[in-house]
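Here is how the chains run, residue by residue.
There are 2 protein chains.
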Amino acid sequence: MSENINREIYTELANRIYDLDAEVYRVLGSSLGRTFTGNRDTTIRTLSMLMYTKPDGHLLRSELALISNMARTIKDPAEKSRLMTEYDEILKAIEQLPNMFGSTDILDAERAALNLAVRREKISENDHLVICISRTQGSAGNDIGFELADKLRINYYDVEIFNQVMKRLEAEKDNVQDKENFTDFNKYGKKTHESLKTKLKELNRYHGLSKQDAVFFNMSDLICELARTEDCLIMGRCADAILKNNHIPHISIFISAPFQVRTQHVMDVRNMDMKQAVRFLKKMDKQHKKYYEFYTGEKWGKPENYDLCINSANYGIKETIDVIKRLLNQQTQ
Amino acid sequence: MSENINREIYTELANRIYDLDAEVYRVLGSSLGRTFTGNRDTTIRTLSMLMYTKPDGHLLRSELALISNMARTIKDPAEKSRLMTEYDEILKAIEQLPNMFGSTDILDAERAALNLAVRREKISENDHLVICISRTQGSAGNDIGFELADKLRINYYDVEIFNQVMKRLEAEKDNVQDKENFTDFNKYGKKTHESLKTKLKELNRYHGLSKQDAVFFNMSDLICELARTEDCLIMGRCADAILKNNHIPHISIFISAPFQVRTQHVMDVRNMDMKQAVRFLKKMDKQHKKYYEFYTGEKWGKPENYDLCINSANYGIKETIDVIKRLLNQQTQ
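One line per chain: the protein sequences are S and H, in this order. Each residue of the first sequence is one higher than the one before, counting from -8 in our numbering. Each residue of the second sequence is one higher than the one before, counting from -8 in our numbering.
Because identical chains cannot be distinguished in the list, a pair is counted as satisfied if it fits within a single copy or across any two copies.
SDA-like mimics (lysine to any residue), calculated; alpha carbons at most 20 Å apart, straight line: (1) 158 to 29; (2) 293 to 272; (3) 142 to 87; (4) 66 to 219; (5) 142 to 79.
Honestly, the hints are just simulated from the structure, not real lab data.
Extracted from the complex, chain S is given alone in its bound form (with noise of 0.2 Å):
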C-alpha cells in the first residue's frame, strides 16, 4: 500500500524532473543539449528507478545538479528564479522521501556528543571551552596555540607548564618543602644517566610503574583535573584522546604543514641549516609518532583521529587563530 503511494510519488516527480530539464534547455538552448535526451517514458522509469534504489542515490543527484548548474547560468532573472524555485521544490520533495540520499547521517554519537565545536549551547553549562592542539615540530603550533589561548582569555598549558606543575603538586603530596627552584634552568639542560638505584627507587615510589608511565597517569589526571574546572588550552600530551576516554566534552585540532615548509621555518627559528633543520624534524616526528601511538593505540596526524586539522602554511600563523576562531563561532576581531 505505501508502497504503491511512493511509486505514485515517484512518478510524478520524474515527470517533474523532466520537465524541468526541458524548460531549462528551452530557455538556455545550451549546446550541450539536455539533459535526458531519450523520450519521456523510458526517461521517467529510469529516474522513478534511480529514486527506488538507494544504493544509486548519488546517481539521481548528479542528474539533478547538472540540472541545477545549467539553471544556474540563465541570464533573465524571472525565468531564473521560476525555474530554481521549481528546482528547490523537486529537491526537498526528493529529501523528504525515505531513505533517500543526505538522509543517513554520518555520526559518532559518543564523539560528537562531546565535541565543543558543534554548537557550545548544545552543551551543559558546566562545560568549559577545552581546546586540544595536537601538532607537528615546524610548523608554529606552538605559536598558533599561545597566542590562541591568549585572545581568548583562556589558560594555556604545554609540556614546560606541565612539567613545572606537576613537580610542584609531587613536592606538595611528599609533603617536603621544595626547596628547588622551579625555574632551574638546568632543567632544559641534558638529563645525566640515571643510576640503578635512582630507577630501582622511583620504581617503587610510582607504584610499580616505569617513571615515564606514572608520569604520563598522573598528567593524564591533571588534564582531566583541568578540562573539568576551568577553560584552557593544551598542546599535545595526547590529551584530546585522554579526554575522549574520559568523556568529557573538547575541541581536538591537529596542526601540521608540509615537510619542506615546516624546514624552512625551523631554519629560520632555530638558526639551524637545512641539513640540521630535516634531521631534527625527523627526530622529533619519530618521538611524537612514538608517544602518540604508544599512548593512544591510534596512527598520529591521520586526520579522522581530530576533529580538525588545520594545514598552518596555507593560512599563515594569524589566519590559522582566525580560522579556529571562526569555527568556535567566536567573531573576528
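Given the structure of chain S, go ahead and fit chain H onto it with the hints provided.
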C-alpha cells in the same frame, strides 16, 4: 650599540616579569608557590638570557603562561584587571623584540595567496569561489558537498557529471550529432571488456596517451576552465592538486571519518552486511589512494596536502556543512 639597548630592554622586562610573579603570588597565595622561587638577580639573568636565546623562546613563553594562568584565577576584579593589564603590556613588549617567539610566520606564500579561505576580499574580484572536496568513501562527503553547494547556490560537479560533460564535449568536438542518450543508465552497469582494436583506436585518438590519461588531462582542462569562470564545488578528481599546479585560487578540504563509523554508514546506506561493507571500503580506499598518488605524486589523505581536514563523524552532515560555511565567513542560517 643596538645590542646594548636590547640588553637594557631585556633587563627591564625581566624585572617586570619577576615583579608580576611576586604580585600574583602576594594576591593569590597559591599553595603551588611562585613561578620564580630563586633570588631576583639569578632570575633576572636567566630570564634575560631566555629572551636573548631565540631557540628557547618557547620556554620564556611557558613561564609567562604559568604566571598568567595563575593571575586569571584571582577573584578580586580590580586586582585581576591590574595584573592582567601588566601581563598584556609585558607580552606586547616582548613580541616587539627582534626574533621573539611568534615573530617568524609559517607560510607557503604561493599557496596562501591562492587560499580563498584566508579572506575573500584579499583576492581579485575576478576570482570565483571554488571549493575542492576530497573524501573517503562512507564519510558522507558527497552528501556534504552536494548540500553545501546547494546552500551556497554554486554549481556542483562530481564524477558522474564530469563524465557526462566530457562525453558531450567529445561529441561536439567530433562534430557528430550525438544520438546517444546521455542518461543511458547502462553507463552505471559493468563495463564490457575492451577489445584490442578499441584500445588501439583510442590510443590513436588520444594522441598516444592511454584513454585513462587522456581523460584525466581533458578533465584537468575542464576543471581549470570551470574554476576560472564560475563559482563551483568540485568533488574529488584531484581538483585541488590540478588547481594548485595551475595557480588558480581555491579552497581544498578533505572529509573523512574513522573506519568503523564509515563501515556503519556504508551498511546503512548500501544495505550491506559488515563483511561486505569492510571489503567495499578497503577496495574504494585503495582505488582512491592509487588514483591520487598516481596523478599528484602526493600521499592521499595526509593533512598537510589540504587546507583543512574535517572528521565528519564528529559533527554529522549538517554541522560539517556549518563548519565549512563558518570557515568561509558565511553566517550560520
